[in-house]
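Protein sequence lines correspond, in order, to chains A and B. Heads up, the first sequence is in our numbering, so the first residue is 60 and it goes up one at a time. Heads up, the second sequence is in our numbering, so the first residue is 4 and it goes up one at a time.
Bear in mind the hints are in silico, worked out from the structure with no lab data behind them. Take the hints with a grain of salt, since some may be wrong.
To be verified - A partial selection of chain B residues facing chain A, derived with a Cβ cut-off under 8 Å: (1) P19; (2) G20; (3) V21; (4) A22; (5) R23; (6) V28; (7) I29; (8) R31; (9) V35; (10) V45; (11) T52; (12) H61; (13) Y69; (14) C76.
To be verified - The calculated label-pair distances, taken between Cβ atoms and stated as ranges, are: (15) A:R724 / B:E39: 45 to 55 Å; (16) B:E39 / A:I719: 45 to 55 Å; (17) B:P50 / A:I285: 53 to 63 Å; (18) B:E39 / A:T73: 11 to 21 Å; (19) B:P50 / A:W145: 31 to 41 Å; (20) A:L705 / B:R58: 43 to 53 Å.
Stated by the list, open to error - In silico negatives: residues of chain B with every beta carbon more than 12 Å from chain A: (21) G34; (22) G51; (23) E63.
Where is the CB? At the ideal position from N, CA and C, for every residue including glycine.
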Amino acid sequence: MPRWASVLLWTAITAAGAGALGYLALTRGEQVNAAWLLTAAVCTYLVGYRFYSRIIAARIFALDANRATPAERLKDGRDYVPTNRWIVFGHHFAAIAGPGPLVGPTLAAQFGYLPGALWIIVGVVLGGAVQDFVILAASVRRNGKSLGRIARDEIGPVAGATALVAVLGIMIILISVLALVVVKALQQSPWGTVTIGLTIPIAMLMGVYLQFIRPGRVLETTAIGIVLLIVALYAGRWVAQDPALAPIFTLTGPQLAKWIIGYGIAASILPVWLLLAPRDYLSAFVKIGVVVALAVGIVIVLPPLQMPALTRFIDGTGPVFAGKLFPFVFITIACGAISGFHSLIASGTTPKLLQNEKDARFIGYGAMLTESLVAIMALIAACVLTPGIYFAINAPASIIGTTAESAAEVIRTWGFVLDPAQLHQLAASIEETTLLSRTGGAPSLAVGMAMLFSNVLGGTSAMALWYHFALMFEALFILTTVDAGTRVGRFMLQDLLRHIWAPLGRTGWYPAVVISSTLFVAMWGYFLYQGVTDPLGGINSLWPLFGIANQLLAAVALCVGTTVIIKMGKARYAWITILPLVWLAVVTMSAGAAKVWSSDPKLGFLSHARFLEAQLAAGTMPTGAKSAADVARMAFNDRLDAGVALFFMASVIVILATSIYEWVRVRRGTATPSSEVAFVARVTS
Amino acid sequence: MTDHAAIPPSGAGDAPGVARRVAAVIRRIIGVPDYEAYVAHVRAHHPGTEPMSERDFHREQLTARYSRPGSRCC
């Protein structure tokens with residue numbers, strides 16, 4: 060392209076993006092079309108990719124096509140395999156995209172669409188994509204070493220140990236909160252429960268088929284699995300319509316929680332070929348398929364956003380989760396804007412596949428922009444619901460009561476209209492008994508997606524099928540994180556336990572496997588059960604903890620990235636990682652402090668514990684408690700959650716302090732040298 | 004040197020070849036390692052060593068995949 064054409068094109072993209080952002084930011088009181096949001100996002104991503112990521116590629120790492128990558132130098136046909144950039148992009152995206160970018164934006168919609176949208180768009184360009192790209196490039200320059208190893212080598216053993224413990228802590232909170240989302244989505248829904256339940260035997264059938272009948276035929280097996288998933292969708296409807304069978308599969312929260320806990324143990328103990336691997340194949344297809352379908356649906360329908368730009372709940376009185384706009388929108392939306400977890404993937408399989416260093420920009424920065432777009436689409440899907448419906452689905456029963464009429468009454472005091480008849484009609488159209496207080500984000504996202512999809516295909520009569528399809532997709536997505544995460548957590552735990560008693564570390568010894576699996580599941584199972592029985596809905600306390608944990612890991616990754624950049628002699632460009640690092644440190648510390656010490660019992664864990672005890676002492680039983688023992692347990696859980704938040708905050712301080720100490724040592728010339736592998740020219744043949 | 008061994012080369016307009024190529028791409032994206040590429044690698048770079056059987060290869064790869072953090076995200 061001639062230079063003038065390029066200048067013209069980029070000026071047009073920048074103008075379109077800035078125009079759309081300005082329109083979004085300034086429009087009040089009238090409905091905005093989703094097209095503005097999509098335009099603002101896509102144009103900002105393009106500009107960020109073209110100009111901002113170039114600083115990292117050219118100025119900092121000076122990525123060089125002539126430098127041999129680990130995939131070439133260490134080629135072994137197994138882990139290190141030079142691979143086409145598009146394939147690596149697809150693989151990397153499938154690995155980073157999880158349920159996080161779907162749930163977070165849905166919850167954050169309680170502030171209106173604008174805060175979430177701005178944070179997703181700006182956060183990814185200046186934070187999330189920078190983190191993923193820098194860690195990927197750093198790992199490629201270090202033979203594909205993991206984040207924990209790089210932290211230890213570049214910053215020091217304390218930072219390395221903090222990173223390890225932080226990862227274990229995050230896994231526990233992550234799995235419990237995601238399992239909670241599934242429980243909330245399936246509660247009292249026989250159709251959903253049967254369909255999701257059937258995905259487990261389907262996966263096992265696929266596993267047996269793949270192992271014994273047609274070994275190695277992954278795609279054929281997956282095709283059979285997808286057909287069976289559709290059968291499961293209809294089987295769920297059939298059970299739900301049967302008056303004798305439906306009650307058997309209408310389960311309460313605690314019942315579902317026990318099933319998921321049992322499933323976690325099974326997934327960790329059973330051979331991977333039987334359950335985990337086939338589920339993963341299914342989930343990868345469904346994931347990419349639904350993301351594409353959602354994009355197509357939104358582009359065809361171009362729905363207006365029913366939610367206002369800002370709601371009154373930016374003052375911290377929101378029913379979905381407590382806390383003000385700052386810092387809680389930045390905690391609630393982690394994945395999609397910046398997700399610390401990605402740094403584990405960017406330093407895992409991906410760096411061992413790159414055939415050209417320069418691909419790191421497209422894969423590291425580009426795949427994260429794509430995930431951010433998924434988050435924007437989830438936000439759109441949540442905002443196609445009217446605010447009345449959105450809050451009826453997402454506010455806990457302790458606030459809006461248990462009938463559509465009581466909910467309408469409460470929601471009217473918030474300034475939104477909810478017609479009880481309309482809510483009943485919506486619930487009937489998706490063939491669920493109720494939509495009231497179906498918290499956790501998954502049901503409201505599924506309703507939004509069903510509205511979009513049925514608009515394109517099938518009309519109103521297809522609403523129920525689309526709703527349960529969307530729910531199945533979300534649950535499949537989440538359960539693959541729960542099962543694979545449990546297995547990985549078990550391995551990490553065994554690695555720690557072997558220091559206490561060596562045989563516990565043996566991954567092939569059955570008693571050690573069972574003990575460590577049970578122990579790890581007990582850890583997340585405890586938080587899950589606590590969330591399920593929490594009268595405020597559980598999401599209110601667990602989702603912020605997950606957000607803080609994920610941002611803590613991002614802080615670790617950005618500290619590692621900054622240290623790598625400084626040790627390369629590029630300290631004058633270190634602001635590129637320091638900028639998001641400072642922001643995350645401020646956000647995690649203020650959110651953590653609010654969750655621990657806020658005097659508002661709706662927000663602060665400690666004040667909530669005191670509030671419960673004071674109520675008991677005054678002779679009134681707090682909501683959701685039946686006995687003094689219940690109150691004691693609830694107060695204990697509050698203090699435990701406070702302890703977890705404090706632990707995450709302490710980890711942020713440790714990682715910052717050790718990193719800054721190392722940066723000072725670099726200035727003084729006493730730091731350990733960079734562990735970057737020396738330049739090796741690519742062998743041309 | 005660019006190694007495209009992961010994707011079997013296709014002849015122009017050769018339908019089964021194209022289908023194989025597409026299948027190999029999809030498998031790599033969902034995280035299934037390519038056994039044929041592995042065998043080709045062992046034959047080319049380690050003459051004298053016998054590559055693992057297809058079943059052993061996949062078993063080993065699966066075990067590795069689910070034992071490290073970062074195989075899954077949120």
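List of violated hint numbers, smallest to largest: 1, 2, 3, 4, 5, 11, 17, 18, 21 and 23
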